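S.K.: Read off the chains here:
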Amino acid sequence: MKGQQAVRLQSNQERHSMKQALLLKDLIRDRWLYLILLPGLLYFVVFKYVPMFGLIMAFEHYQPHLGFLNSPWAGFKHFERFFTEPQFWMLFRNTILLAIYNLVFFFPLPIILALMLNEVRQKLFKRFAQTLLYLPHFVSWVVAVGIFYILFTTEGGIVNEFIARLGFEKIPFMLSEDWFRTMIVSQSIWKEAGWGTIIFLAALAGVDLQLYEAARMDGAGRWRQLWHITLPAIRSTIVILFILRLGSFLDTGFEHIFLMLNSMNREVGEVFDTYVYMKGLTQGQYSYSAAVGLFKSLVGLVLVLGANWAAKKFGEEGIY
Amino acid sequence: MLAEQKQWSSRLFTIVNYSLLILVSIFTVVPFLYIVSVSFAASEEVAKGGLLLFPSKFTLGAYKYIFSTDTMLRGILISIYVTVFGTLINLILTSLTAYPLAKAGLRGRRLFLLMILVTMLFSGGIIPTYFVVKAFGMINTYWSLMIPTAISAFNLIVLKNFFQQIPDSLEDSAKIDGANDLGVLFRIVLPLSMPAMATFGLFYAVGHWNTFFNAVMYINDSEKFPVQVILRQIVLLSQDQIGDTTSQQDPTDYLPQTIRMASIVVATLPIVLVYPFLQKHFAKGVLLGSVKG
Amino acid sequence: MFRKRFMKGSVSLLAVAAVLAGCAGNGGPQTDKPAQQDGSKPLIVTIATPQVGEAPKKDSEVELAIEKYTNSKIDMQWIPGAAFEDKKNIMIASSDMPKAFKITSNATTLAAIQSGLFWEIGPLLQNYKNLSALDDYYYDNIKVDGKLYGLPLYRDTGRAGLVYRKDWFDELGLKLPVTLDDWYAMMKTMAEKDPNKNGEQDTYGLFLDKSFNDPAGSNTFLTRLAVSQGAPNKWGEENGKLIPEFMTTPYLNAMKLLRELYREKLINQDFSVVQAADADNKWNAGQAAIRVNTVASAAATSHENLKKTVPDSIVDVEPYIGPFGNRVPAEPGNNGFFVFPKSSVASEEELEQLLGFFDKLLDPEMSTLLTRGFEGKHYTKTADGKAELKDLSLFNLEVKPYRDSLPSFEVTGQGLPLKLSPLQEKGWEVVAGNLPNVVPNLALTLSSATYLEKGGELDTLIRDAQTKFIMGKMDEAGWLAEVDNWKKAGGDKVIEEYTAAYAKQKQ
Numbered sequence: 000m001k002g003q004q005a006v007r008l009q010s011n012q013e014r015h016s017m018k019q020a021l022l023l024k025d026l027i028r029d030r031w032l033y034l035i036l037l038p039g040l041l042y043f044v045v046f047k048y049v050p051m052f053g054l055i056m057a058f059e060h061y062q063p064h065l066g067f068l069n070s071p072w073a074g075f076k077h078f079e080r081f082f083t084e085p086q087f088w089m090l091f092r093n094t095i096l097l098a099i100y101n102l103v104f105f106f107p108l109p110i111i112l113a114l115m116l117n118e119v120r121q122k123l124f125k126r127f128a129q130t131l132l133y134l135p136h137f138v139s140w141v142v143a144v145g146i147f148y149i150l151f152t153t154e155g156g157i158v159n160e161f162i163a164r165l166g167f168e169k170i171p172f173m174l175s176e177d178w179f180r181t182m183i184v185s186q187s188i189w190k191e192a193g194w195g196t197i198i199f200l201a202a203l204a205g206v207d208l209q210l211y212e213a214a215r216m217d218g219a220g221r222w223r224q225l226w227h228i229t230l231p232a233i234r235s236t237i238v239i240l241f242i243l244r245l246g247s248f249l250d251t252g253f254e255h256i257f258l259m260l261n262s263m264n265r266e267v268g269e270v271f272d273t274y275v276y277m278k279g280l281t282q283g284q285y286s287y288s289a290a291v292g293l294f295k296s297l298v299g300l301v302l303v304l305g306a307n308w309a310a311k312k313f314g315e316e317g318i319y
Numbered sequence: 000m001l002a003e004q005k006q007w008s009s010r011l012f013t014i015v016n017y018s019l020l021i022l023v024s025i026f027t028v029v030p031f032l033y034i035v036s037v038s039f040a041a042s043e044e045v046a047k048g049g050l051l052l053f054p055s056k057f058t059l060g061a062y063k064y065i066f067s068t069d070t071m072l073r074g075i076l077i078s079i080y081v082t083v084f085g086t087l088i089n090l091i092l093t094s095l096t097a098y099p100l101a102k103a104g105l106r107g108r109r110l111f112l113l114m115i116l117v118t119m120l121f122s123g124g125i126i127p128t129y130f131v132v133k134a135f136g137m138i139n140t141y142w143s144l145m146i147p148t149a150i151s152a153f154n155l156i157v158l159k160n161f162f163q164q165i166p167d168s169l170e171d172s173a174k175i176d177g178a179n180d181l182g183v184l185f186r187i188v189l190p191l192s193m194p195a196m197a198t199f200g201l202f203y204a205v206g207h208w209n210t211f212f213n214a215v216m217y218i219n220d221s222e223k224f225p226v227q228v229i230l231r232q233i234v235l236l237s238q239d240q241i242g243d244t245t246s247q248q249d250p251t252d253y254l255p256q257t258i259r260m261a262s263i264v265v266a267t268l269p270i271v272l273v274y275p276f277l278q279k280h281f282a283k284g285v286l287l288g289s290v291k292g
Numbered sequence: 000m001f002r003k004r005f006m007k008g009s010v011s012l013l014a015v016a017a018v019l020a021g022c023a024g025n026g027g028p029q030t031d032k033p034a035q036q037d038g039s040k041p042l043i044v045t046i047a048t049p050q051v052g053e054a055p056k057k058d059s060e061v062e063l064a065i066e067k068y069t070n071s072k073i074d075m076q077w078i079p080g081a082a083f084e085d086k087k088n089i090m091i092a093s094s095d096m097p098k099a100f101k102i103t104s105n106a107t108t109l110a111a112i113q114s115g116l117f118w119e120i121g122p123l124l125q126n127y128k129n130l131s132a133l134d135d136y137y138y139d140n141i142k143v144d145g146k147l148y149g150l151p152l153y154r155d156t157g158r159a160g161l162v163y164r165k166d167w168f169d170e171l172g173l174k175l176p177v178t179l180d181d182w183y184a185m186m187k188t189m190a191e192k193d194p195n196k197n198g199e200q201d202t203y204g205l206f207l208d209k210s211f212n213d214p215a216g217s218n219t220f221l222t223r224l225a226v227s228q229g230a231p232n233k234w235g236e237e238n239g240k241l242i243p244e245f246m247t248t249p250y251l252n253a254m255k256l257l258r259e260l261y262r263e264k265l266i267n268q269d270f271s272v273v274q275a276a277d278a279d280n281k282w283n284a285g286q287a288a289i290r291v292n293t294v295a296s297a298a299a300t301s302h303e304n305l306k307k308t309v310p311d312s313i314v315d316v317e318p319y320i321g322p323f324g325n326r327v328p329a330e331p332g333n334n335g336f337f338v339f340p341k342s343s344v345a346s347e348e349e350l351e352q353l354l355g356f357f358d359k360l361l362d363p364e365m366s367t368l369l370t371r372g373f374e375g376k377h378y379t380k381t382a383d384g385k386a387e388l389k390d391l392s393l394f395n396l397e398v399k400p401y402r403d404s405l406p407s408f409e410v411t412g413q414g415l416p417l418k419l420s421p422l423q424e425k426g427w428e429v430v431a432g433n434l435p436n437v438v439p440n441l442a443l444t445l446s447s448a449t450y451l452e453k454g455g456e457l458d459t460l461i462r463d464a465q466t467k468f469i470m471g472k473m474d475e476a477g478w479l480a481e482v483d484n485w486k487k488a489g490g491d492k493v494i495e496e497y498t499a500a501y502a503k504q505k506q
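Residue numbers (numbering that gives the first Met the number 0), protein chains in the order written: chain S, 0 to 319; chain G, 0 to 292; chain P, 0 to 506.
Quick caveat, the hints were computed from the structure, so don't treat them as lab data.
All of these numbers come straight from a predicted model, not from anything done at the bench.
One or more of the hints may lead you astray.
Said to hold, decoys possible - Which bits of chain P does chain G cover? Going by a derived footprint, with three or more residues having C-beta under 8 Å, they are:
(1) 48 to 60
(2) 227 to 236
(3) 281 to 291
Where a beta carbon is used, it is the ideal one built from N, C-alpha and C, also for glycine.
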């Protein structure tokens, strides 16, 4: 009996030390890798994790002059207030709807545009088109919204003049609840879709040209090449970007929406971001807006972890 | 017969594709044309409103005004400096960090990646970050515009993903030749990843060029402001000021639109010009073509 | 060549950065020792203020002249306006504050003042001849709980005036409107009678922009119009209670006028999204009869801007006259105020010296410098001893930032008088004439805990309802229901708290 136990003990110990030896071996093997990883990890610890103690303000009545350590404690009061706010469901609905619109209508467009550019054989045209497509990214929202106003206003805007000339009633695009989401999403598309192609074009640059040659030999048309070679080649990039996009699912782009909001569309236009701005910066309720921000982050975290898990289920690499 | 049909469908594909791209390009360029033409127009013409795409009279007045002092030029030089060195730091640190994380066998890899992912979602806010920057003595130095944004978690994760797609066989053969991990990274992986490096270099560079908020937070000396701070100030001064009582005589004496648009052109042109130079790295098939060749 | 120079510059910049990084880069104000004032040693004055236009260079000519006159060493920190509030919070949170900090009144400012972060200056004021000579309302309007903590950046209170196209009014035989019916008639005529004679209906009596009902300001058009018709300025007293303007009949009548104008398309249909700059463009292009989003003293500049497109136009300025005569809303009389942080101003002695510095800025010599610049460079002296600005763009570049950020009186100060054009003179006459007739905002210095917490939502609720009412999306019953909503959402409490605070103040 005793002997048997001793043997088992020994084998446990052995297994343990064997694991340790394996670990040590791996660590030694990858010593260079760990060495070059170190500065990056340090960066994240120092500039990202250390400042995270600031999240504590979501549970305090934070005042800048008192600091994080001396501001009075609030517990979950701000969260309770947020969830029982009369506007909560309006904000929730508006944010979610806009986020879904963005995901459905905006997210696929850079991919399609990139594929279209990828099919262009004429080099000069391709470069020219690419450069033009990127331009709007560099225009700030203040200016972009100003230009949209000039184009869409009912007072002599070119779009409404055209509609009037066709014999229809002018449409108050900027002042209408019905048009608000359409305007927001199409403005985002105008400004960022071209820029979004860059990352996919980089991924497309990695596709092996020989695959296309082989496919052509097999008599595959351009649609089939696109479907069977190009798309699979950038699939993992699409998946990664989709997962990362979910992390900022509830970020609807504060400045843009804030500039587009007015009395006539606030019912559908007010979102978490604009609400937090009003509370935080103009009314000094930092803790309250921090609590709302934390809520948004948590939602993002759940979505990202869920999507990553699902991606792995389907045999994708995922993020981690 | 079949081949002919194929050719036709291929041609149709091309025509539709080109026409769509031309259409989309026009949509994106019209607002830009507007900005440029207002910047060259006389303010009376701009006052009439509407979409001005070609001024009846060209004037350089707005540009002369902008360059009548050295503020804008100084801002541009500072931004170039921060962009060049900042992007260099970004690319070095990001690729050094991304490469080990692309190795499936690395112990602790998942933990590290999760840790980095979390920083994309949770942020402590401006004030605690300011304390960290201050603790390093970077306030009012250009370091404060480069170091706190040294790595973007987004770029890091996507770059890691790109690294993973490089076939292991290439790296293994280099290792057999006696190269260590560093050697593989610098001699095989990075040269193969030029499209990716160009992409993320561009992302980082544009990020640095557009730095506004951090500059206001970390830089106290207005002679050290980068170009976006100067641009925003001009844009701010040429819009809505009804609630403002800054000037006593006329609270609405903002700068004309022409100057606003000219500053946008001047502050945007340098970074837009970077792109065509990078474009050759986006060329198709660089990755495997160079290996096989 | 250029490239070489730049590379050199970069290297030296890098070196500077490295040095700064090495020595912890912290020459901030809090490390300065309080200046020992032994008669000759200059007082160190660090000032942080929102940036106005282009930031002047350090040790500019104006700065040196101020330093010489006041025996001080000035360090100005210009903070870009677009991120001022964030920067302010950072500076407060990290105690990196200057000796004099120009801020505006809002919730954070109030909390910081109430927590005793800044010196109280009220009792000291009497020792300074210039500061104490000014009218009390400048100081009363920024008191917190009855105490004075700030030195205001003085501004006029009764600035409203009607800047209008005299040529159009004369030609069409119109008089400036007095009653709301007059306003309606004027708007109808101006929109339909084609005053610019181009054959198109492209003119309006006035071009409204989205700030017409901004809850924050007493300088908005709707408040000016309503006050001229007898409404209170934002908050007034009725039966011993404080009530907001929008619960009064004259204000509702003014809203009804705009509603009717909108219905008949006599006013721009997109007013609730129009930026002030776009509205001004309509005036500048000669498409509006009255410029409403400005002040009386800007009549001359308004005319200058218009003359570029309509050279033979005639512009005049008159006070707002209603059924009760001249009646205009009082504006707060400041553009923010300087506070003196206890963390950087170490002793009461130093505080007194700093107040002395600001007092000297109002002396005739400094006043001339801040509002006119240097003789020969920015202005010339006329035969009758007045200053005539010589080079306006140079003035705007070198002097204006100081004029607008340090205490000064542009026209009514002790400096060399300015040579004014007849229209300018008339504009200032309107401002001066308004002064005895201003209607104060009774709630301006009162505090309401509910308003501090929910003011943003409450203001937005009413603002949206007003716009919807004017645009015909709701009727009068709908509007009254929204007012009820406002009351229930906290408005009743605000009324209660203001009324109590007002009663206490009157004691």
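S.K.: Just to make sure I understand the rule, a stretch counts as covered if three or more of its residues have a C-beta closer than 8 Å to a C-beta of the chain. Does the stretch 48 to 60 of chain P meet that for chain G?
M.R.: holds (count 7)
S.K.: Count the residues of the stretch 281 to 291 of chain P with a beta-carbon closer than 8 Å to any beta-carbon of chain G: does the count reach three?
M.R.: holds (count 3)
S.K.: Count residues of the stretch 227 to 236 of chain P with a Cβ under 8 Å from any Cβ of chain G, then say if the count reaches three.
M.R.: violated (count 0)
Going down the numbered hints, you'll see the structure goes against just number 2.
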